[in-house]
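> Top to bottom, those sequences are chains A, B, C and D.
Here the first sequence stands for residues 1 to 391, numbered as in the working numbering.
Here the second sequence stands for residues 1001 to 1391, numbered as in the working numbering.
Here the third sequence stands for residues 2001 to 2387, numbered as in the working numbering.
Here the fourth sequence stands for residues 3001 to 3387, numbered as in the working numbering.
Please keep in mind that the hints were generated in silico from the structure rather than gathered at the bench.
Ideal Cβ placement from N, Cα and C applies to all residues, glycine included.
Check the hints yourself; a few may be wrong.
[Claimed, not checked] Estimated spans, in silico, between C-beta atoms of each pair:
id	chain 1	residue 1	chain 2	residue 2	range
1	D	3200	B	1390	50 to 56 angstroms
2	D	3200	B	1125	38 to 44 angstroms
3	B	1042	D	3200	39 to 45 angstroms
4	B	1390	A	205	37 to 43 angstroms
5	D	3030	C	2274	42 to 48 angstroms
6	B	1272	C	2308	30 to 36 angstroms
7	C	2310	D	3130	38 to 44 angstroms
8	D	3351	B	1171	33 to 39 angstroms
9	D	3305	A	143	51 to 57 angstroms
[As the list claims (entries may be wrong)] Chain C stretches covered by chain B per the calculated footprint, using a threshold of three residues with CB under 8 angstroms from any CB of chain B:
id	stretch
10	2004–2018
11	2120–2126
12	2280–2290
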Amino acid sequence: MDFQFTPEQVKFRQEVRDFLKKEQPKDFHWPWWFEGVLGNDEMWAISKQMARKMGAKGWLSLTWPKEYGGLEKGHIELLIFTEEIAYHRAPGVDIFGIKMLSPVLLAFGNDEQKKKYLPPIGRGEMFWAQGFSEPNAGSDLASLQTRAIEQDSFYLVNGQKVWTTGAHRADAIFFLARTDTQVAKHKGISFFLVDAQTPGIEVRPLINLTGSHSFNEIFFENVKVPKENLVGGKNNGWLMATALLNFERSGIGYVGACRRNLEEIVALTRNNKALAGNPVFTHKLGELAAEIEVGRWLGYRIAWMQSKKMNVDAQASMAKVFATELMHRIDNTGMQVAGLYGQLAEGDKRVPLGGRLGESYMSNLGRTIAAGASEIQRNIIAQRGLGLPRD
Amino acid sequence: MDFQFTPEQVKFRQEVRDFLKKEQPKDFHWPWWFEGVLGNDEMWAISKQMARKMGAKGWLSLTWPKEYGGLEKGHIELLIFTEEIAYHRAPGVDIFGIKMLSPVLLAFGNDEQKKKYLPPIGRGEMFWAQGFSEPNAGSDLASLQTRAIEQDSFYLVNGQKVWTTGAHRADAIFFLARTDTQVAKHKGISFFLVDAQTPGIEVRPLINLTGSHSFNEIFFENVKVPKENLVGGKNNGWLMATALLNFERSGIGYVGACRRNLEEIVALTRNNKALAGNPVFTHKLGELAAEIEVGRWLGYRIAWMQSKKMNVDAQASMAKVFATELMHRIDNTGMQVAGLYGQLAEGDKRVPLGGRLGESYMSNLGRTIAAGASEIQRNIIAQRGLGLPRD
Amino acid sequence: MDFWFSPQEDNFRQEVRSFFDEERRNGAYQPANYTFMESYSPRLTRRLVDKGWVGLAWPQEYGGAGRSFVDQLIFTEEVMMAGAPVGCHWLAERQVGPAIIASGTPQQKQTFLPPILKGELTLCMCLAEPEAGSDLACLQTQAREVDGNFVVNGQKTLIMGADKAHYAFVLVRTGAADSRHKGLSALLVDLKSPGITIRPLFSASGGRSFNDVFFDNVKIPLENLLGEKNGGWMIATQQLSLDRSSIELVAICERVLHDLVVEYIGGVREGLVGDMVVRHRLAEIAIEIEVARWLSYRVAWMQSRGVIPENETSMAKVFGSELTQRLANEGMRMLGLLGQLCEGSKLAPVRGWLENWYISTLGRTIGSGTSEIQRNIMAQRGLGMPR
Amino acid sequence: MDFWFSPQEDNFRQEVRSFFDEERRNGAYQPANYTFMESYSPRLTRRLVDKGWVGLAWPQEYGGAGRSFVDQLIFTEEVMMAGAPVGCHWLAERQVGPAIIASGTPQQKQTFLPPILKGELTLCMCLAEPEAGSDLACLQTQAREVDGNFVVNGQKTLIMGADKAHYAFVLVRTGAADSRHKGLSALLVDLKSPGITIRPLFSASGGRSFNDVFFDNVKIPLENLLGEKNGGWMIATQQLSLDRSSIELVAICERVLHDLVVEYIGGVREGLVGDMVVRHRLAEIAIEIEVARWLSYRVAWMQSRGVIPENETSMAKVFGSELTQRLANEGMRMLGLLGQLCEGSKLAPVRGWLENWYISTLGRTIGSGTSEIQRNIMAQRGLGMPR
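Chain A with its partners taken away, still in its complex shape (with noise of 0.2 angstroms):
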């Protein structure tokens, strides 16, 4: 039992902090959720200029091989990525492109694919964005009504997305499409590539509370989809949708963006007399504190287990409900901390910490803590965990 890192580790760490330290906009905070930044152009160009410079050094293909433009390393170092960026606030990591497809063609894409698309995410040049969700199928994916009919060279689409976030940035975009009317519903479905522009595709935007452009609908209108870009096989896109992939699944995302957001409350807090003094709420800091160091474990043991080949499944629900949980905790405690003026929006010069708790406080709860989200974690841990029969 050790826990710590090996010296190259800890110096891989050292590097990502000077490379931010550097390359990072000073004052730059990119909200610890992708979307923020979708609807704001100056942001969107800060992210897109980082992704380059972060591709340039290699640590968005941290993890692949090198035919790829991977640099091979192991799930330890891309935890230490994910964590700095997480604390540092630091934009430029396309979560659909890295985090979600690139696992996908990695695992499924034939070599003319991988070759085509792995290299220029890597290079951090080629955004994506996800269509999965489907305005009549709620949360039953499976139940998706977008249709793909074969014919000649290509799939004609037709049918409609939404909730796709960043459509309106993203050169592409991955999405579920059935492909057979005749079979169980999970199993006439296949996933495709299609680029932004091509012809037939409409992007609408869906405005959020705080009045930001990050979600969309997406209309296909007879679209042709080249068949070579039909990935892993015909009807089979449920396979792709929900294998769990060799990505990175420590969470430690959420805990590294927690251990940001406590800092600087602590630093809040201290300055101001009548909370810094009153223990009911100097205890409630310091068990947060506790559970910070806790987070980091969990997401460390299981990139541990990661690079070990072991099944995380139990442990990375667990380290997911309890990281989004923790940081509602943290952001209601910072709240409290702010007092009035924590409800005034994003750049009211008085929002203490630029009103990043508020969107953060806002945003969470619903996105990430919402009824169904945080329970299928646990369902998942009271079978794989406990060894609970399915219910």
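Put chains B, C and D on the given structure of chain A with help from the hints.
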């Protein structure tokens, strides 16, 4: 809107208080939960005595028709009586005979049965046990297996009951048995009365965790139950077991007990400088006091609604969940005031409040706010209070 | 004894409910969101004046209807459930008017009360300041007496409705800088006075309901002083509320729960209907609303009998305000991703109102530690614990 | 880097686990209940001595095995999961022995350490008193120096295992009555000394594990003073624990959760398997056990590297002890009516152990406000908040 009782009702409450002051043995604290008394010969003797005295006042049959010895009073009087009994921890009200059986007899019994059984119950001379639960039925009461086969002038009963509180003290038992095996399981059940001394009935003790004997198993072996002891007609037993009868549903007994417990805890706290000066703690007590006030009102309103013949299902469920969980919070707080000595058994001279807190703390959580119990109530609230469909 | 409303009271409730139903059906108003004080409908206010429901519990000698606090409680419940936009007259009728009745000069009563009762005078409350937050004892906005006027300098912040109001109730410092709560005075300020600047603030949920109000050598006639000079603390803490039941907190929770159950779960997200965890959470909220409701009813009932409630109001306030937070939290959890959409989006459930409310509820218990003070009162006055 | 156990450590765990499995299979011991300190098996203790597992982390110079704190942590986890009855030697090995190593005279080391390592000396801890509760600074049991002896008078209470122990670690007042924590001394007391009376106490759950211990002019030789005269506070608060990881709290929780899931829900109450509310509660507990586990591991790891943990031990203690309470609560809720049956009843699920544990867990965080003190340490040392 007028949250006061009528002068007559105030007078009645005073009358009950005066009676208890005079008749209840000094320093006698009847455990709020009926069973505590059943394992102790002396307590049982006092309980029987008090039952007779209350019976003589007519208070055990407050709401019954005069022809069966009742006083024909309303729900509010019953509420007042119940609240005072609980607050004063007074013995003498047999919940099985008074609260469970007599409403069934009044609603479903024939005139002969009413005349035979109600008067001795009302006089406090006849005590009952309830034979519902069975070892193999679990929480699914309808799958009970005790058989009653119709013969010439009697039913021949064979089977086993479990969890039968007070069967070793009871003069008689009301129980459910299967009288038809050919129909849906809840349609073949009948409701019987039987003298506890009937040949073939064997009562065996189940010792509970405080070492006391209140639960029993009952074995029926070829027990002959006269046909006139069938209540409400053959195969109608399920109706009687589940009908929400017109009894006192305010939950005010819990609240009265809560109030007394909290008063004692507050007095203990005032003598403990460290706790009395600790706002974390005193704020908790203040809230508990507020919640007791709420519990009383919830109870009062239910009695009032019942007196107006209104449906109280959702309200009664709310009151029950609220009061039982409140009691657990009160007991838990009390155990913290009591400190290490709170762990000692009843009777030890140093255990605060005579060990009653610990007893209540031990028994309340598992029994009244168990996973199932409170959750069934919450489901009733969701359905009948909020109008959600059955789940 | 009557543990619920009398037939007369029930009739009154029915009358109010029918009125709002019909107004809404006629398109006379659009339901306001849950932070209802932001709403503004001069037309509806006029209709309520016509019905005699503005000033319902005011004494008849000041032109009010002289009705009981229980009637007022019923009316408030129905207003909230109906989502009626009452921001035009609410602060004037419910907060400032009662303070003028209690402390105003005959001249002030004559000047201000009739237009308030007619719904023609919209008021806002200028209390919080950038440096002081909501800790009134630290207020710095200064009023010096010069030539028969108060000359006011300073800044108020987070002022709801200042952009629409005619007058403001302004708490200023007339004592020495360190006089804390003993050097405060209450002024009734015409917002058109020269030297006043009002600038909007945007809340984290994107709403525009707060304002900064700047005072730059603003001259306010001495006769606009409400109550004694340096007597503003008492007015701000004791007289700014006629009805202390906190029923509006309970009623708004009831409306939110209703919308979640009927519109969201009954409509958009049917899948949640059978989710035991969600069902139980809703049931829990229903119980808590009952709890808070009774605490409010008790206060109104005591007031209607001329009894002055003490720690009973603290209980109602603590439970009610903390309940709004819990319900907002639960609601946001249930909405999930859908809760990220703004008011007006066609996909936003419950019209996108919950998000705005979610962030605003936090304001009710923070700042000067309001809940903690109320809890102290409960422990000390209610249980006799030492100070 | 190795975020888990090394292969050597895993092997050791496997060795310990196999040993207990086999012992249990052979009927060499019956699993103890969850309040495992009440258990008592001289036979098993001897077997552990033979394996070299008593004194596992003691320095070799005192006859210990000199193994790491991580090995000791592993051993403790396995002892708890196996339900091994270790009450015979546990307090001597884990608490008093380390204090003797740290503060004892050469003579005391020679006298006490060998029999402890042989599992032949059972010890109990005499701290709490009727008037003082667990607030050590208020202890009243007095020891006066008279003719080469301490003469002890007073009463200790709630002493676990006093009826079976040979010796007691007794904290007495050797300073003035008002000397508080500066006038305490630690004595090693032969329980057969004339003047000592031991009387059993019964706990609310019916168990008989506590005792009163009365001292009536008991003569204790001066050489049985452990450490400095009036230096008992330091020993009691700092030296009474070699292993400060609180892992025993975590491991016992893991055992309880395992029994609930496998024996109760997997057996007696299958109906609960599909109950979403129960499943989620169990998952929540599983997460919390992971949380507490790591806090403990971290302490053991720091200790094994020679780093002295500070607020890390507080975190482990607060989380571990409060977790036992939450789990006991949840467990009792799940047992429902069945939880009312006593140990030994054939219908009692999980052998009726949960009830006893339920009431005993309350003792871990009450009394002198232990959790509150630990939280102060976390806020002050961990975050630099003012005292």
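> With reference to the structure, classify each hint as holding or not holding.
How the hints compare with the structure:
no.: 1; hint: D:3200 - B:1390: 50 to 56 angstroms; verdict: 54 angstroms, holds
no.: 2; hint: D:3200 - B:1125: 38 to 44 angstroms; verdict: 42 angstroms, holds
no.: 3; hint: B:1042 - D:3200: 39 to 45 angstroms; verdict: 24 angstroms, violated
no.: 4; hint: B:1390 - A:205: 37 to 43 angstroms; verdict: 41 angstroms, holds
no.: 5; hint: D:3030 - C:2274: 42 to 48 angstroms; verdict: 45 angstroms, holds
no.: 6; hint: B:1272 - C:2308: 30 to 36 angstroms; verdict: 32 angstroms, holds
no.: 7; hint: C:2310 - D:3130: 38 to 44 angstroms; verdict: 40 angstroms, holds
no.: 8; hint: D:3351 - B:1171: 33 to 39 angstroms; verdict: 35 angstroms, holds
no.: 9; hint: D:3305 - A:143: 51 to 57 angstroms; verdict: 55 angstroms, holds
no.: 10; hint: 2004–2018; verdict: holds (count 4)
no.: 11; hint: 2120–2126; verdict: violated (count 0)
no.: 12; hint: 2280–2290; verdict: holds (count 7)
The structure is inconsistent with the numbered hints 3 and 11, although it conforms to all the rest.
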